Structures are given as C-alpha cells and as structure tokens.
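Chains P, H and E, in that order, are what the protein sequence lines are.
Per the numbering used here, numbering through the first sequence is continuous, rising by one, with the last residue being 239.
Per the numbering used here, numbering through the second sequence is continuous, rising by one, with the last residue being 461.
Per the numbering used here, numbering through the third sequence is continuous, rising by one, with the last residue being 278.
These are calculated hints, taken from the structure and not from any lab test.
Quick caveat, the model's predicted, so the values are computed rather than measured.
All residues carry an ideal CB built from backbone N, CA and C; glycine is no exception.
Some hints here could point you the wrong way.
[Unchecked claim] If you want a taste of the chain H side facing chain P, the calculated C-beta under 10 Å gives, among others: (1) A88; (2) L99; (3) I177; (4) L186; (5) A299.
[Unchecked claim] If you want the footprint, here are the derived chain P segments under chain H, 3+ residues with CB under 8 Å: (6) 98-104; (7) 119-128; (8) 138-146; (9) 172-181.
[Stated by the list, open to error] Straight-line Cα separation of at most 25 Å, DSS-like style, residue types lysine-lysine; simulated pairs: (10) K449/H with K163/P; (11) K400/H with K85/E; (12) K129/H with K163/H; (13) K460/H with K450/H; (14) K197/H with K63/P; (15) K395/H with K259/E; (16) K350/H with K296/H; (17) K162/H with K38/H; (18) K197/H with K173/H; (19) K41/H with K81/P; (20) K163/H with K63/P; (21) K197/H with K163/H; (22) K389/H with K85/E; (23) K85/E with K23/H; (24) K450/H with K81/P.
Okay, here's what each chain looks like letter by letter:
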Amino acid sequence: MPTSREQILTAVRANQPPATPVPQVKGTWIEYDDIVGQFCGLLKSIGSAGYLVDSLDQINATLAELPAYQSATRICSLVPGVGDSSVHLDSLARAHELDQLDIAIVNAELAVAENGAVWISDAAIKYRALLFMAEHLIVVVPANGLVPHMHAAYDRLRLPEFADGRKAFGAFISGPSKTADIEQSLVIGAQGPRSSAVFLLR
Amino acid sequence: MSHATLATEFVADRKRAAWHDSALWFVRSKRDKCAQALPEWESLREIASQIKQHTSSRLAEYLEEFERNATANGIQVHWARDAAEHNAIVLRLLQERNVKLLAKSKSMLTEECHLNPYLEKHGIEVVDTDLGERIVQWRNEPPSHIVLPAIHIKKEEVGELFHEKLGTIAGEFQPEYLTEAARVHLRQKFLEADAGLTGVNFAIAETGGFVVCTNEGNADLGASLPSLHIASMGIEKLIPKLHHLGVFLRLLARSATGQPITTYSSHFHAPRLGGELHVVLVDNGRSKLLASEEFRRSLNCIRCGACLNTCPVYRRSGGHSYESPVAGPIGSVLGPARDAAKNASLPFACTLCGSCTDVCPVKIPLHHQLLAWRKELADEKLVPADKRFAMKMAGLLFRSPWLYATAGRVGRFALRFAPRWLVYNRLNGWGRQRELPPAPKKSFRQLFRERKK
Amino acid sequence: MLPDYHWECQFTPAIQLFLLRSVHPWRLMRVGLFIPCYIDQLYPDVGLATLEVLESHGLDVHYPPAQTCCGQPMANTGCNADAKPVAQHFLTTFEPYDYVVGPSGSCVAMVRHHYHGLIDEAAEHRLAAKTFELCEFLVDVLKVTPPRHAFPYRVGLHQSCHGLRELRLGPCTEAQVSRVNKVRVLLEGLQGIEFCNLQRPDECCGFGGTFAVAEEAVSCMMGDDRIADHQQAGAQVMTAGDMSCLMHLEGLIRRQRKPLAVMHVAQILAGRQPQQV
Numbered sequence: 038m039p040t041s042r043e044q045i046l047t048a049v050r051a052n053q054p055p056a057t058p059v060p061q062v063k064g065t066w067i068e069y070d071d072i073v074g075q076f077c078g079l080l081k082s083i084g085s086a087g088y089l090v091d092s093l094d095q096i097n098a099t100l101a102e103l104p105a106y107q108s109a110t111r112i113c114s115l116v117p118g119v120g121d122s123s124v125h126l127d128s129l130a131r132a133h134e135l136d137q138l139d140i141a142i143v144n145a146e147l148a149v150a151e152n153g154a155v156w157i158s159d160a161a162i163k164y165r166a167l168l169f170m171a172e173h174l175i176v177v178v179p180a181n182g183l184v185p186h187m188h189a190a191y192d193r194l195r196l197p198e199f200a201d202g203r204k205a206f207g208a209f210i211s212g213p214s215k216t217a218d219i220e221q222s223l224v225i226g227a228q229g230p231r232s233s234a235v236f237l238l239r
Numbered sequence: 009m010s011h012a013t014l015a016t017e018f019v020a021d022r023k024r025a026a027w028h029d030s031a032l033w034f035v036r037s038k039r040d041k042c043a044q045a046l047p048e049w050e051s052l053r054e055i056a057s058q059i060k061q062h063t064s065s066r067l068a069e070y071l072e073e074f075e076r077n078a079t080a081n082g083i084q085v086h087w088a089r090d091a092a093e094h095n096a097i098v099l100r101l102l103q104e105r106n107v108k109l110l111a112k113s114k115s116m117l118t119e120e121c122h123l124n125p126y127l128e129k130h131g132i133e134v135v136d137t138d139l140g141e142r143i144v145q146w147r148n149e150p151p152s153h154i155v156l157p158a159i160h161i162k163k164e165e166v167g168e169l170f171h172e173k174l175g176t177i178a179g180e181f182q183p184e185y186l187t188e189a190a191r192v193h194l195r196q197k198f199l200e201a202d203a204g205l206t207g208v209n210f211a212i213a214e215t216g217g218f219v220v221c222t223n224e225g226n227a228d229l230g231a232s233l234p235s236l237h238i239a240s241m242g243i244e245k246l247i248p249k250l251h252h253l254g255v256f257l258r259l260l261a262r263s264a265t266g267q268p269i270t271t272y273s274s275h276f277h278a279p280r281l282g283g284e285l286h287v288v289l290v291d292n293g294r295s296k297l298l299a300s301e302e303f304r305r306s307l308n309c310i311r312c313g314a315c316l317n318t319c320p321v322y323r324r325s326g327g328h329s330y331e332s333p334v335a336g337p338i339g340s341v342l343g344p345a346r347d348a349a350k351n352a353s354l355p356f357a358c359t360l361c362g363s364c365t366d367v368c369p370v371k372i373p374l375h376h377q378l379l380a381w382r383k384e385l386a387d388e389k390l391v392p393a394d395k396r397f398a399m400k401m402a403g404l405l406f407r408s409p410w411l412y413a414t415a416g417r418v419g420r421f422a423l424r425f426a427p428r429w430l431v432y433n434r435l436n437g438w439g440r441q442r443e444l445p446p447a448p449k450k451s452f453r454q455l456f457r458e459r460k461k
Numbered sequence: 002m003l004p005d006y007h008w009e010c011q012f013t014p015a016i017q018l019f020l021l022r023s024v025h026p027w028r029l030m031r032v033g034l035f036i037p038c039y040i041d042q043l044y045p046d047v048g049l050a051t052l053e054v055l056e057s058h059g060l061d062v063h064y065p066p067a068q069t070c071c072g073q074p075m076a077n078t079g080c081n082a083d084a085k086p087v088a089q090h091f092l093t094t095f096e097p098y099d100y101v102v103g104p105s106g107s108c109v110a111m112v113r114h115h116y117h118g119l120i121d122e123a124a125e126h127r128l129a130a131k132t133f134e135l136c137e138f139l140v141d142v143l144k145v146t147p148p149r150h151a152f153p154y155r156v157g158l159h160q161s162c163h164g165l166r167e168l169r170l171g172p173c174t175e176a177q178v179s180r181v182n183k184v185r186v187l188l189e190g191l192q193g194i195e196f197c198n199l200q201r202p203d204e205c206c207g208f209g210g211t212f213a214v215a216e217e218a219v220s221c222m223m224g225d226d227r228i229a230d231h232q233q234a235g236a237q238v239m240t241a242g243d244m245s246c247l248m249h250l251e252g253l254i255r256r257q258r259k260p261l262a263v264m265h266v267a268q269i270l271a272g273r274q275p276q277q278v
C-alpha cells in the first residue's frame with residue numbers, strides 16, 4: 038500500500054499541466070523621492086511612529102518623552118545603550134514570564150518604506166515571544182537598511198541563522214497589532230503590542 | 009438549501025443587509041485606494057498569476073523540494089490525502105504530547121476539514137484566537153468571510169455575547185472595550201495552551217519554510233509560547249522562491265483589507281529551541297482539481313477575500329448563504345469542485361458582473377469559471393429541471409425566426425390585454441417587486457418592415 | 002475552454018478598419034443591424050434609434066429579419082446544447098455582413114467572447130472580429146464626432162457590466178487601467194447635459210438574466226440600491242448601453258413610482274427626449 042505521500046505525489050504528477058516558465062520578478066517598482074518621509078508617514082498612518090536619529094542618546098531622549106516609556110516598570114532592551122533594561126531574558130525560566138512586559142527594545146536589519154515594515158529575526162533573541170508579548174515595541178534599524186519596497190527587501194534579506202547553523206525565525210512587522218473584527222472598527226492593540234516606534238539610526 | 013433561499017432570508021432584513029453591504033463596500037473602497045497608490049499594481053497581478061501557474065505546473069517537484077528543505081531545517085512534514093487524515097494526524101500529534109488546550113489561529117483549511125468539532129469530540133479544548141473567529145466560535149457558527157469571520161455580526165451582539173462569556177458590562181459594546189476584554193481572555197489562553205496551530209499563507213520550496221500573515225499577532229503568540237507548533241497547509245500554498253514573497257506580500261493585504269501589509273508576516277523555518285514544528289500537507293481534492301484545465305487556476309487563490317468584498321451578491325446575501333467553508337465568488341468555484349450536487353446553486357448566485365475577476369490579485373478568471381461551472385452542472389443535470397426545460401424551449405423557439413416572431417406577437421398581445429391579477433400571479437418572480445415592461449403593439453421587426461414601405 | 006479574457010487586444014478596431022477600408026469603399030460597407038430579441042419585442046424604439054444613429058452616418062444598414070437571439074440565456078444557464086443551434090443561426094444570419102452592430106454590450110459580449118465551442122472556431126474568430134456594440138462602433142470604427150443636440154438633463158450613467166468588463170467600454174474602479182469611456186464620450190458633447198456623480202459608478206444593477214428571477218430578493222435589492230444612488234446624485238434621466246439592466250431598473254422604478262426617466266443611450270444619441278422628467 039503506497040503511503041499518503043506517494044499517493045499525493047503520484048496524483049499531482051499525473052495531473053499537473055505542462056510546465057510553464059518561472060516569470061522574472063522584474064518591473065518598474067515605485068520609488069520615493071523622500072524615502073524617510075514616506076516610511077515615517079506610513080508608520081504614522083498605521084498608528085505607529087518613525088524617527089530618523091543620529092545617536093543612541095537621541096533615541097533615549099525621545100523614549101523619555103513617550104508616555105508609555107515613562108510609566109513603564111518592566112523593560113527589556115536588547116539594544117546596548119538604549120533604554121534602562123530591567124528584565125533580562127537569560128534570567129527567565131520561560132517565555133511565559135514575559136507577560137505584562139511593558140517595553141521591548143530590539144534591533145531590526147531592514148525597514149521598508151512602502152509599508153512601514155521592519156525585518157526582525159530572533160537569531161539574537163532568546164524568546165521570540167518578546168516581540169509579541171510586550172505592550173510596546175521599540176525597534177532600532179540602521180538608516181541604511183531602509184529600502185523602498187518589498188522586492189528590495191528580499192534582495193537584501195538573508196534568512197537568519199543561529200550560531201549553530203539552525204534556521205531562525207524572522208518577521209516583517211508593520212506597526213502595532215490591530216484588529217477590525219468588530220464591525221470593521223479599527224482597534225489598535227489587539228493581542229500583541231499596543232504601540233510601536235521605529236528609530237532609523239544614521 | 010439553495011443560495012437563493014438563504015439569501016432571501018438574509019435580504020428580508022433589508023436594513024441589516026444594507027449595513028452588511030456597506031461594511032464590505034468600505035473594505036473594497038480601501039482596497040481600491042491602496043491598489044491605486046501602486047503604479048505597478050496590474051503588473052504585480054500578472055507576475056503573481058504566472059508564478060502560481062508555474063508552481064502548479066511543477067507542483068510535485070516543488071512539494072518534494074519543500075519537504076527536503078523543511079526536513080533539513082528540523083521541521084517534521086506530514087502528508088494527508090483528505091480531511092479525515094489531516095484531522096487524525098493533528099489529533100495524534102496532540103494526544104502523543106498530552107495536549108489539553110490548543111490555541112488555533114486562522115486557517116480556512118481547518119474549516120474545510122472541520123477540525124474543531126473533531127478535536128473537541130476527542131476531549132481537546134480548541135480556542136480560536138483570532139478575535140473574529142473567537143466570536144463565531146462562541147456563537148457556534150462558521151466564519152462568514154475568509155478574512156473577516158464576524159463581518160455579519162453587529163457590535164451590540166458581540167457586546168451581549170461577551171457579557172455572557174466574559175462578564176463584560178451589559179449594554180457596553182464599544183469595539184475598543186470589547187477588544188480589550190478579548191485580549192485579556194485570549195492572553196490567558198495563550199499562556200495556558202499546550203500547543204499552537206496555524207494556517208499557512210505561503211510555503212517556500214527553496215527554503216523549506218512558510219509564512220503566516222496576521223494583524224492581531226495571534227498566530228505568533230500561539231506559535232511562540234507552547235513548545236508544539238503545527239501548521240496545516242493545502243498543497244497549493246507553495247511558491248518556488250523566497251523572493252517571490254515580495255510579489256505576494258505586496259498584493260495580499262492590499263487586496264484583502266486595503267493595508268499595505270499585514271502587521272505580522274512571520275517566516276517560520278525551523279522549530280524554536282526546545283520546541284517542535286510540524287507541517288501537515290493536505291490534498292483533499294486539490295490534486296484532482298489540478299487535472300481540470302478549466303478550473304485549475306482556482307488553486308492560485310491566496311485567500312485575500314477581495315472577490316467577496318467586491319461581489320454585489322455576497323455583500324447582500326452574507327457568507328452563510330453559501331453554506332460552504334469559503335463563500336463568495338471563489339467559494340462558488342471551489343464548492344462545486346468539492347461536492348457538485350450540494351453546491352449546485354452557488355455558480356448561479358452571480359450576475360456575471362465580472363468584478364471579481366478584475367480584483368483577483370492572482371488573476372483567477374472567476375466569473376468565467378462560474379459560467380463554466382454552470383455548463384458542468386447542466387451537463388450533470390444538477391440545474392433545476394424547470395430551468396433546463398425553459399432553456400430547451402427557448403432553444404427551440406430561437407432556432408426558428410417564424411416561431412420566435414409569432415411567440416413574440418402572442419406574448420405581447422397577452423401582456424397587453426391580460427388582467428393585472430393574471431399577469432402578476434404568484435409564480436411571476438419578475439413581477440413581485442417589478443413591473444413588466446409595457447408591451448408595445450408592434451415589434452421592431454414589424455416597424456422596420458413598415459418603415460421600408 | 003473559454004476564450005482568453007483579454008483577447009480583444011489582438012483585434013484592435015484600427016487594424017480591422019484598415020483592412021476593411023483597403024477592400025471596401027467606405028460607404029459600401031454592409032452593416033448588419035443586430036437587435037437583441039427582447040429589444041425587438043419589448044423596446045422597438047431602441048431598435049429604431051440605433052438604426053437612425055447608424056444611418057445618420059451614411060452607412061448601408063441592413064436588418065436581417067431571420068435573426069432571433071444570440072443564445073446568451075441558454076449559455077448563461079449552462080445549457081450549451083440548447084445554445085448551439087441558436088448561435089449557429091446567428092452566425093448564418095449575419096454571415097453576409099462586413100459588420101454586426103447591436104445596442105447591447107451584453108449580447109455583443111456573448112457573440113464576441115462566448116461562442117467558443119458553440120460554432121466552428123474559424124467562424125467564431127471571423128464573427129468576433131466584426132461584431133460591435135453600438136457605442137464602441139461609433140467611437141472606434143466610425144470615429145464619429147459626438148452629437149451636439151440639446152439634452153438639458155442631469156443624467157446618471159449606469160455602466161452595464163458586460164459592456165464595461167467584457168468589452169472594456171470604459172475604465173472601472175477596481176482595475177488600475179486607464180481606458181476611454183466610450184459611452185460617456187458620445188454623450189459629453191450634448192448641449193446642457195450634466196452627469197451625476199454616483200457613489201458607486203460601476204456597481205452591478207442585479208439583472209443577471211435568469212438571476213433576476215432565480216435570485217429575486219438579491220436582484221431587487223441591488224436594483225433598488227442603484228436607483229437610490231442615481232436619485233441621491235440628482236439624476237433626472239438614467240441611461241445605459243444595455244436595455245436589459247434598464248428593463249430591470251425601470252421595472253422597480255415604475256412599481257415604486259419614482260420620478261426617474263429611463264432611456265437607452267441610443268435613444269439619447271438619436272435625439273429623443275425623456276418622456277417625463
């Protein structure tokens with residue numbers, strides 16, 4: 038008796054149409070004259086915020102003015118020199134303890150102007166739940182990691198790996214979590230972070 | 009029941025049907041704006057369509073490539089021929105690990121397989137963690153829309169439901185308040201869950217990973233807290249290359265809700281440290297559909313829901329009138345492929361306006377497929393006999409100019425002189441809400457002849 | 002298999018015109034007037050108006066009286082076996098003409114895009130290439146100067162779906178493709194005409210052939226919604242390129258005694274005025 042795998046593959050092989058070519062992903066894609074303005078404007082439109090900064094001090098100064106940061110007691114920063122970290126992932130027994138975490142501060146590699154997304158991997162994050170459990174998410178991205186669109190993002194993106202060669206997790210995250218499941222009314226802060234901010238660091 | 013019967017019930021509450029229509033029209037308008045903002049929109053659709061068609065043409069190879077790479081990444085790959093096998097695999101994985109509570113994010117495939125009732129029958133608590141899905145789960149209803157599962161429910165009704173289930177204040181129905189209550193409830197469930205199950209938006213053959221897109225972050229919470237993550241995917245979800253995601257992620261959320269991208273587009277390529285990741289590849293009729301030259305392009309579907317939002321019939325009849333896991337135009341194509349007799353009325357729940365074909369981000373010729381289904385169904389004698397008889401008579405009539413002209417004369421004469429009660433009888437479906445056109449004394453052909461003299 | 006959705010690009014009217022002009026002296030082109038069955042029987046004036054418009058451009062217009070129906074009702078119900086002889090009859094009837102022109106986007110779309118498998122393939126292409134909806138024939142083939150007579154009314158233009166999305170007579174809101182609106186450009190030159198801004202400029206009216214009866218509830222709600230849109234926009238006259246949509250909408254309007262006149266675009270182009278406004 039052939040396995041399900043064999044049966045499915047046999048059926049697919051018998052039924053698939055004659056091969057068509059793989060198309061080139063080529064075209065005249067949108068470009069922005071003011072790419073930083075586009076990125077920050079887009080973030081604003083989805084209830085987030087983007088800042089172009091020159092130093093870590095500037096990030097700290099901006100954070101100090103955010104109400105969410107001012108009232109925060111549990112902060113986990115994975116960006117050296119940014120924020121006053123009071124929660125250390127190594128000291129937690131499991132990811133569940135990140136519940137009620139006020140602020141997570143993480144690095145991202147890329148930012149995408151067309152949709153406000155940042156590419157974050159968990160290669161350097163012990164518990165990736167951090168990205169989704171925190172009430173507020175702060176992201177620091179090198180300013181030269183800002184690309185206009187997703188094609189450029191995938192051109193630059195390398196799938197993250199841990200030191201031992203295992204594949205890591207990566208996500209494009211655009212703004213805070215949200216839902217419109219009740220009568221199409223947009224509610225920001227569904228199940229993940231209630232707010233987010235992105236710093237483009239020059 | 010036929011779509012028409014259920015749609016009639018839905019439309020009986022005109023005000024509510026109008027509310028449903030405008031809620032979805034709002035989503036379609038957002039989609040239009042988002043698409044208009046990208047000059048390359050139409051070429052993206054074309055590339056996406058070609059990638060999907062190419063993938064279909066080499067699907068077996070890509071499935072093997074995916075399996076090879078996923079396995080190398082530490083993902084365990086399972087194959088299920090049908091819904092029953094899928095459900096059994098999931099149950100076995102859960103039972104072997106003594107799972108009591110499963111946090112599930114949105115997956116139309118598990119709806120198709122009726123996974124929830126199956127697991128519940130075996131004593132496993134399943135919590136749908138998408139807010140809309142949680143709402144319909146509590147109401148014991150299927151989702152009425154593939155992206156907006158609770159679009160048919162009013163906030164007041166959600167307020168009552170949450171009052172009963174979560175103890176929110178009676179009479180309170182602000183979406184912010186209700187969403188917050190759900191957040192607290194679901195967060196607790198995430199913390200207690202022993203396993204997470206997600207769907208798959210795209211699986212990448214080249215890298216052996218997959219992508220899940222959500223706005224709420226529920227899939228990610230479910231996949232990062234418990235140590236077991238199961239992902240269920242139809243075999244048509246594959247794409248060949250990682251960079252192809254650039255095309256699909258640009259199209260998906262714009263088409264679905266008019267957002268430039270979903271909040272989370274999560275790329276899973278391996279189990280997390282100390283955890284397990286299982287992917288269940290499900291056929292359930294897809295390989296059969298692949299054989300059909302006419303309908304195979306319906307496998308291109310990325311479940312964005314744009315065709316539902318633009319469909320004037322869906323908007324005014326509600327998702328439940330389709331009695332199918334997927335409603336709207338794409339559901340009316342996929343439904344008969346699964347069970348032609350049960351879903352025979354769906355391809356007729358359509359005016360052939362063609363808007364679905366124009367919005368589809370992967371260019372499935374939806375209204376042409378609906379028309380093609382009508383032919384299949386008529387050939388199978390699954391179109392009601394009275395309709396087929398009427399068409400047979402019309403076919404005979406229109407073959408003979410004399411017969412046609414005579415019938416026209418008699419018909420017009422009857423319309424002009426028959427008493428109103430006779431013309432507007434109970435069987436006259438046209439005349440219940442509409443006047444018949446005033447029958448002229450002479451047809452065009454008569455006037456033309458006279459004009460020549 | 003159905004014909005490719007965008008096949009019309011292969012037969013650009015300009016090329017056809019060039020080819021035809023090289024064989025025929027311009028005024029000797031024989032135009033077969035295609036008056037769909039329900040227009041013939043129920044709206045004879047729409048047929049007359051079409052004839053008058055075509056003749057006003059000096060064309061040699063013939064009405065083959067053997068014509069009946071294009072076969073769309075059967076084909077759209079899936080009854081292709083019943084549609085076949087009707088399509089064959091249509092082909093035979095219109096074989097002698099250089100052009101086939103009719104005042105219905107829907108029936109023309111049937112002939113042009115959906116005769117595959119109903120008639121012989123070579124004949125199918127030949128027929129498709131010479132069959133035109135009235136407005137596109139005027140704009141693309143004859144390249145007429147739009148009429149300038151007086152039509153001092155606020156007009157709501159209902160864009161019939163098959164004309165819009167099968168024949169591509171105009172741009173539609175969901176596609177990011179710019180197209181000339183061939184119905185509107187013909188009306189734009191009329192003295193005193195004012196177009197109403199509809200909230201949903203290209204939503205279906207809900208007619209849909211047998212859908213109008215089989216799905217009566219949804220059909221009538223769709224129709225009511227269209228009428229309400231035209232009324233909120235202040236329309237005095239509702240017009241369209243397809244009388245079938247208008248038959249359905251007018252049926253609702255008359256039952257509800259709404260003050261909205263209904264005219265086929267051919268009637269306006271031929272210089273008719275609304276009967277009551």
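Verification of the supplied hints:
1. The criterion of a C-beta within 10 Å of any C-beta in chain P is met by A88/H, whose closest approach is roughly 6 Å, and the hint holds.
2. Against a cut-off of 10 Å between C-beta atoms, the interface hint on L99/H is violated, since the closest Cβ of chain P lies about 16 Å away.
3. About 15 Å separates the beta-carbon of I177/H from the nearest beta-carbon of chain P, more than 10 Å, and the hint is not met.
4. About 6 Å separates the beta-carbon of L186/H from the nearest beta-carbon of chain P, less than 10 Å, and the hint is met.
5. Restraint check, A299/H versus chain P: the minimum CB separation of about 4 Å is within 10 Å; hint holds.
6. Taking a C-beta to C-beta cut-off of 8 Å, the region 98-104 of chain P contributes 0 residues in contact with chain H, too few for the three needed, and the coverage statement is violated.
7. With a cut-off of 8 Å between beta carbons, the region 119-128 of chain P has 0 residues touching chain H; three or more are needed, and the interface restraint is violated.
8. A count of 0 residues in the region 138-146 of chain P with a Cβ less than 8 Å from any Cβ of chain H is obtained; the coverage claim is therefore unmet, three being the minimum.
9. Counting residues of the region 172-181 of chain P whose beta carbon lies closer than 8 Å to any beta carbon of chain H gives 0, which falls below the threshold of three, so the coverage claim is violated.
10. Our distance criterion of 25 Å between C-alpha atoms is broken by K449/H and K163/P, whose separation comes to about 85 Å.
11. Restraint check: the Cα-Cα separation between K400/H and K85/E comes to about 11 Å, which is no more than 25 Å; the hinted pair holds.
12. This hinted pair does not check out: K129/H and K163/H have alpha carbons roughly 31 Å apart, beyond 25 Å.
13. Under the criterion of a C-alpha separation no larger than 25 Å, the hint pairing K460/H with K450/H is consistent with the structure, at around 15 Å.
14. Taking the CA atoms of K197/H and K63/P, the gap is near 44 Å; set against the 25 Å cutoff, the hint is violated.
15. Pair hint K395/H plus K259/E does not hold up; C-alpha atoms about 32 Å apart against a cutoff of 25 Å.
16. Note on K350/H and K296/H: the hinted pairing holds, with a Cα-Cα distance of about 18 Å set against a maximum of 25 Å.
17. At most 25 Å may separate the alpha-carbon atoms for a hinted pair to count; K162/H and K38/H meet this at roughly 21 Å.
18. At most 25 Å may separate the alpha-carbon atoms for a hinted pair to count; K197/H and K173/H meet this at roughly 14 Å.
19. Proposed proximity of K41/H and K81/P is supported: the alpha carbons are some 18 Å apart, at most 25 Å.
20. Taken as a hint, the K163/H and K63/P pair is broken in the structure, with Cα atoms around 44 Å apart against an allowance of 25 Å.
21. Under the criterion of a C-alpha separation no larger than 25 Å, the hint pairing K197/H with K163/H is consistent with the structure, at around 23 Å.
22. Using a Cα cut-off of 25 Å, the hinted pair K389/H and K85/E holds, with the two alpha carbons roughly 18 Å apart.
23. A distance of roughly 43 Å separates the Cα atoms of K85/E and K23/H; the hinted pair therefore is violated under the 25 Å criterion.
24. Taking the CA atoms of K450/H and K81/P, the gap is near 66 Å; set against the 25 Å cutoff, the hint is violated.
The structure is inconsistent with the numbered hints 2, 3, 6, 7, 8, 9, 10, 12, 14, 15, 20, 23, 24, although it conforms to all the rest.
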